[in-house]
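Participant: Chains as they are written, first to last, in my numbering: chain A, -5 to 676; chain B, -5 to 676; chain C, -5 to 676.
Treat the hints loosely; a few may be bogus.
A pair holds if it fits inside one copy or across any two, identical chains being indistinguishable in the list.
As the list claims (entries may be wrong) - Straight-line alpha carbon distances no greater than 25 angstroms define the calculated SDA-like cross-link-like pairs of lysine to any residue that follow:
1) Lys213 / Ala472
2) Lys419 / Ala562
3) Lys353 / Asp407
4) Lys213 / Pro138
5) Lys353 / Arg172
6) Lys213 / Gly101
7) Lys213 / Thr254
If you're looking for bench data, these hints aren't it; they were derived computationally from the structure.
Note that the coordinates shown come from a computational prediction; the quantities given were computed from them, not determined experimentally.
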Amino acid sequence: MAVTGTWPTGRTLGYGGDYNPEQWPRETWDEDVRLMREAGVNYVSVGIFSWVLLEPREGEYDFAWMDELLDLLHANGIMVDLATPTAAPPAWFYATYPDARVVTHDGIALGPGSRGAASPSHPAYQTAARNIASRIAERYADHPTVVMWHVHNEYGAPVGEDFSDAAVAAWREWLRGRYGTLDALNEAWGTRFWGQVYGEWEHVTAPGPTPSTVNQAQKLDYARFTDHQLRALFTAERDAIREHSDKPVTTNFMAAECPTTDLWAWAREVDVVSNDHYLTAADPRGHVGLALAADLTRSVAGGKPWILMEHSSSAVNWQPRNIAKRPGEMARNSLAHVARGADVVGFFQWRASRYGAEKFHSAMLPHAGTGSRVWREVVELGRQVGALAELQGSTVSADVALLWDTESFWAQDQEWRPSVDVRHKERVRAYYERLWRDGLTVDLAHPGQDLSGYRMVVAPASYLLTAEDAANLTRYVADGGTLVVSFFSGIVDAHDAVHPGGYAAPLREVLGLGVDEFLPLREGEEVTLAWSPGDAAEARTLAADVWAEDLALDTAEIVARHLDGPAAGTAAITRNAHGAGHAWYVSTRLGIEDLAPVLRAAYADAGITPPEVAEDVEVVVRRGAEADYVVAINHTDAPATLPGVAGTELLAGVPAGPELKIPAGGVAVVRTAPRDGGGPDR
Amino acid sequence: MAVTGTWPTGRTLGYGGDYNPEQWPRETWDEDVRLMREAGVNYVSVGIFSWVLLEPREGEYDFAWMDELLDLLHANGIMVDLATPTAAPPAWFYATYPDARVVTHDGIALGPGSRGAASPSHPAYQTAARNIASRIAERYADHPTVVMWHVHNEYGAPVGEDFSDAAVAAWREWLRGRYGTLDALNEAWGTRFWGQVYGEWEHVTAPGPTPSTVNQAQKLDYARFTDHQLRALFTAERDAIREHSDKPVTTNFMAAECPTTDLWAWAREVDVVSNDHYLTAADPRGHVGLALAADLTRSVAGGKPWILMEHSSSAVNWQPRNIAKRPGEMARNSLAHVARGADVVGFFQWRASRYGAEKFHSAMLPHAGTGSRVWREVVELGRQVGALAELQGSTVSADVALLWDTESFWAQDQEWRPSVDVRHKERVRAYYERLWRDGLTVDLAHPGQDLSGYRMVVAPASYLLTAEDAANLTRYVADGGTLVVSFFSGIVDAHDAVHPGGYAAPLREVLGLGVDEFLPLREGEEVTLAWSPGDAAEARTLAADVWAEDLALDTAEIVARHLDGPAAGTAAITRNAHGAGHAWYVSTRLGIEDLAPVLRAAYADAGITPPEVAEDVEVVVRRGAEADYVVAINHTDAPATLPGVAGTELLAGVPAGPELKIPAGGVAVVRTAPRDGGGPDR
Amino acid sequence: MAVTGTWPTGRTLGYGGDYNPEQWPRETWDEDVRLMREAGVNYVSVGIFSWVLLEPREGEYDFAWMDELLDLLHANGIMVDLATPTAAPPAWFYATYPDARVVTHDGIALGPGSRGAASPSHPAYQTAARNIASRIAERYADHPTVVMWHVHNEYGAPVGEDFSDAAVAAWREWLRGRYGTLDALNEAWGTRFWGQVYGEWEHVTAPGPTPSTVNQAQKLDYARFTDHQLRALFTAERDAIREHSDKPVTTNFMAAECPTTDLWAWAREVDVVSNDHYLTAADPRGHVGLALAADLTRSVAGGKPWILMEHSSSAVNWQPRNIAKRPGEMARNSLAHVARGADVVGFFQWRASRYGAEKFHSAMLPHAGTGSRVWREVVELGRQVGALAELQGSTVSADVALLWDTESFWAQDQEWRPSVDVRHKERVRAYYERLWRDGLTVDLAHPGQDLSGYRMVVAPASYLLTAEDAANLTRYVADGGTLVVSFFSGIVDAHDAVHPGGYAAPLREVLGLGVDEFLPLREGEEVTLAWSPGDAAEARTLAADVWAEDLALDTAEIVARHLDGPAAGTAAITRNAHGAGHAWYVSTRLGIEDLAPVLRAAYADAGITPPEVAEDVEVVVRRGAEADYVVAINHTDAPATLPGVAGTELLAGVPAGPELKIPAGGVAVVRTAPRDGGGPDR
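Please model the entire structure based on the sequences and the hints provided.
Facilitator: Given below as structure tokens:
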């Protein structure tokens, strides 16, 4: 059945969250819908963990309560994103199919009493999951309040890799499909190293416990296989739904936080991209991580609006120290997602649970009830989201792309790399935050995609880079683009084999240099660079750590040189003219502050002029058919002003500008005349 | 058979320790008893790890060596606490019943070559344990030197929880007994959360490995079950002994250090309470931990004298750095136990072992022999204990009760709590140490018990607090008591479900406030409070960390306010008049120093005047029928004086007072006229 | 067949490394041999991980490629050390014999996909290993380019202990052989402690998971058993080779870095001692660790020249931060090995691997190719090694022996020792480095060997010291030797039982004191000593940490006293005249700096005058039949001069001295007239 249902109907932003009324007595449901209306809730997700309530014994179904619930929500004008409950198999499932349990690397089978899928590779689970999805879709396909299907929950968490017998059998099949012959597999994995050549398919094992470190190409493929198996689980459920319904199907991603899923591939399978996002409590600048997650979500969605399926009204419960949000912070977070393309603001969850693992997770309606600060802010946010209805469908464009390749991250973060201090995540965040602080809106991009629409491309962690993707980057520069590459990029091919010609060989042409040797620094060691850009007035020293390199320069010019450390006297940062563009190479680790002059110089090459914004005032533009919407979020404790923004401030419904005032900790959303020019129209 | 034997016979304190002569040649036994007499030893525990020597093969017994040993001890006037050896099953037991091994959470079966019980739930172990206990009791019931039975060793250590098949089967039976129906279990565990509803008893598993965190009510019940199984093991052995003997039965507790046993329940099952205590070497104030352990032991014993079964003459061997006791320290430790109610001073062990895991554990007779400092102090301590014979049977009373509820601790210290920095143990120790430094003697108390005899009740960590127990505390205050409650109290019910009405709801009336939200602090973050008590001269600032809260005040008055941090400007510490009493609430974590003004103010409400004692001079009174005994222990390097203590100093046998002098590092025990008034007579 | 083959043939030093051409296309082999000749390579090891290529299916062999390879190498004049490939069983082996996998302590079976032996105790592996060794030896026994056999790879790493069923069965057999009767085993293990007495051999288990700590004598025996099983694997392969060949057999040790092998025993089984050595990257003074490893290798070889089988041209890949060598460092490392007795300079590996776990390991020919710094230095080093041909066969002698007893280390580093801060390795390194800095060449020695040739013996970590070995040390002193003993020595016998008479009892006579009690210090605690040697001008304070002791002095004189800490006022360092010699005892932990005055005083007793060398200039003498060779390595950034060294500097081929100049970071090797006198001629 083709997807013809559209969602949402009408021009409005969604507001609501996960709703688990099965945890409460029936009378509470009535209070719930009354309070939802008070808070402006127009959308909820239901049934996410309800498998055992819908199918209390294998093959016995109970839909009565769900019928009643959906009717009640419909009567109150609340749209429903109806879930398949397959992320929480019932206890009877584990008891009936004990060998369908996920098995850890060390051989421990994971049982019931918690949540998390069974083995994605086990036929019993595949069958049971498809079946319950089909039953639900069949029953509620035409229910008027159901506007979308929510499959499963956060694929890849809390478990991803599986070492069960079922997984190993599926793995061999997957490998046959990928490689065709054992010779091809042996070649790809380099099994002649350490004498690992396979002579029979049945001899290939999962990368389980081994005496020394395991074959890294095998492990990389196991990450691909894991992603594939999870995705196959999703598409099987999706297709089971499609047999009954033409409404859109989604599943909630975890954007930057789920290492087991390759969202570029996943986004192609969903009708609408959804995301869950939670602040990292230990990070005092968690709002930057939020922006990165939102930008990634928008990017995998191809720029289309997306759904913020879950975030939190205040603290979560599963981090070491669960920091509560302070007044105004929830609204800043919610509207930052909207600014970066979300058309729904959703929470986990509507009402705080009294029991279970997440009883200390905040909710729209907290344990303390409607007298609480959180409730008051939830109601006010509902009003604000309502005032932004016209933003629905508008999009965000960016001048800068930051490369994000999940396969590279899988490869890079394995064991036995040159230095444990080099982590892809750290570099991605550092470059992203530098761009964020400079007021630039960023898309995440795959190195193999068309990059011609961007003024600048930044590659903070492209350890695995195929020759084809490197050629794509080279062409991009030749055609006039500006490329910034961080160290430990272009090292291996798709099988984690070092490129012929040495480290970074596929980038040699565009960077104008080769990397002769890595010079990791000792723990805590710092080195100093002399930064000598074209403009001598900007000369200064920069501090770096973790990494240095022994570079062999071809055509690149030196813009910073090591003053000390193992690379003393040699090039640290270079710039290479290639065709109509320029490629920068940063061969050491600079902190966010010290990245500033480097990127500023690269912006100049790219023709980018960063906007003048006060520190920690976040400004993003959503572009609609008839208007632009400038969303300005003040993360500071002082009022801020933004020049040159005139129009109507929608939250307060008042004229704004030409100097936009944003109160301390506040948000402003201004409808302005559409900008011409600027970023690409993608 | 009713327990009619009394112990000890005659008015004397016991002195001795674990005696393991089976490790030594027969000629050493003669030297042992000679040296025991030299040291004043009148009591030993024997046979604790002797199963394989008494039953070398299943069903074959060898009692000859034990006959000879008991006769030798009897001939030398040494009383024996005769053990059942079930804490060390023989190798043949493990080989014959491999499935009776304890299995860890992760599925590892624990085998022989060490010590520690087999699975408490396995019939083979239950049978074998009862059998050997019965055989020993039968043979030695009438031996005149046996004055008591010592069952097993330190139940719950080194292993508590067990995930063997036998355990899981017993667990299901225990749950049936506890809940009757699956509906009741599902309700209690809140299994509708995360779709965990059970439809068959056989589907219920132990809280083993799961993909995400396990149901916390289930885990809490597993702690109760574990405690129950261990206790059933004890009572089975006890009852097997009772069929043959009317002498009292005990087992050695580990007081504050054994998280798997609920001593309130255990103490009801023993005839005499015994305890083992070892200093925490890393704690420079380990003597305060000792006092807490001794007070807890006395409290679970209902105030009756108890047995210090084991402590050490110097270092132990199982801590990371095993700090030796310095001259005089052993005597201070031993007599501190006596001060807090011990009628026996026992050691592990008499003679240092040459082999095995504890060869580096100190002993009464160390490897270095009788020329050593330790031996000289052991002999002198024997003399001192002898001089205190008349203390036997005297008791200790306290004005202050500190709440201790093992079930609450089990619940609180699970995963996914608001902050990993909040540990019940830390707060219990902090409040206890504040009271200790203030010179107050403290009972530990269960929140559900009659508290009317105490002037003040302190609740440092009552996370799990049933509505009934909260009502008990409320009545206590209404009737004139003073209650001090620390944060994160009154949160959940007996099933780890948040109380209806929100956090701390059952305490809302007595505290005069509600807790709207937790505001955990970041790692290392500190906040400042303005302490503004009634007496403005005492106004000051206080430092706090780890935790703050968003309070909703009803009738409570603010006595300290946050100056900064997430709760800046709001109440931090409150006082509420309720009925004839007052309830204090401390919503953040204060160090021991900064707790001082808060408790001083609460003492005033309670009508408590802390005694004037020099810092680190510990004073406790034991009250006999005809006299009080003031025990004063000087933990400092300088002589101390104590005013108003006159009578006879028993250790030296000289008149003392009215200014009692206690030498640096020394102890004085003064027989004085009985005090009238003061603490409650319980 | 007797070993009659000699190696190397002719007077030359070997230069080369592991060569794994099977990872590369055939055309690369031609480039390889061409470049080997350019670099002066005259020796390679081949076939180390080639099992699956030589025996692709069980019983099917493919020697064609090896035939071709050996002929190619022979044609280019490159000697081959031909390996048995048993350190990397093929995937078919694991699939065919799954129960031959090594099992960890916690029961995890280790499978394929990596490297590392199967269970040394499993008959299938034993058979398969002997078989492939025999096949290879049979085929290539007479190949003219094969000069030596290289068995397996780094026995004991990456796995040593094995808890498989096969291991447990072999363990029981080994115990029967060692003890004869169960009574003897029970006595040796002290199983009467904790009731562990065994009544049947089949009841004895491996020291696997247990509730509390495992019997330490059992664990110590398991270390002996593990070493024995690995060694039996070696000797079985060696003997299989001997049936076909009289060429020497070796295997590559890991000297100081492999805790599972007792090299004193291993060295007796090989024809030539070989060693692998890698710098510890985190150690800024890794070159001292190199010297220790080289000295240990020479010592276990009985002073005979040895083979440096593997080291690295630059960084390795398996440490947390893999620090690259800086210019000149490789040569300093290589020639330091030569200085201490190596006749071959070998690398892992010839050409950097593109795939697999070690792709980031440096090589003679790096990824960056022949344009790289590393390649240039490899070529230059080849020239230098060639210039040192005449050093072949010369030896090194030492005045000082430092005790090294693997059994003692196994025993000491178990659980439940008095302090986790005491590690044998730390003390060995500290004393070794003190001697290194003082310019003294050191042999490692077993405490039971003839020590009469040494002026001084240092015992930094002799926890396990049998009465016989202690008597050997006592005799050594009585006969005029100088002995320096560090704390925690002489504590237990061969079964980890405390010596009768107390700690250090077997050393009481020679040290003139007893150790009454250990006084471990708290974490981070420091104490101060007053050092009062005979010469009052040298009086000073010394800082110590970790450990102190309560000593009972008999005849020893105090040379340093504790000023504070738990042993305040008592002896810290003593000196005892015994017979014609002196024994020093250092009862606390001194840093390398503070050890200086103590050892200087001991040198005086020993009649040792440390040479005058600049700090971090390493000087070692190799003595040939006609000349001495002074190797001087300048580890500093400044030029150094060495007085009194005259002759011919071989690397440059120029006259040198009488003031030898060594450039910053450089090495000089001077042929001089042979010294008379000096160290012993062993």
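Participant: Look at each hint and say if it fits the structure.
Facilitator: Against the structure, the hints come out as follows:
no., hint, verdict
1, Lys213 / Ala472, "neither (35 angstroms within a copy, 62 angstroms between copies)"
2, Lys419 / Ala562, "neither (28 angstroms within a copy, 34 angstroms between copies)"
3, Lys353 / Asp407, "between (34 angstroms within a copy, 15 angstroms between copies)"
4, Lys213 / Pro138, "neither (46 angstroms within a copy, 42 angstroms between copies)"
5, Lys353 / Arg172, "between (44 angstroms within a copy, 24 angstroms between copies)"
6, Lys213 / Gly101, "both (17 angstroms within a copy, 23 angstroms between copies)"
7, Lys213 / Thr254, "within (12 angstroms within a copy, 29 angstroms between copies)"
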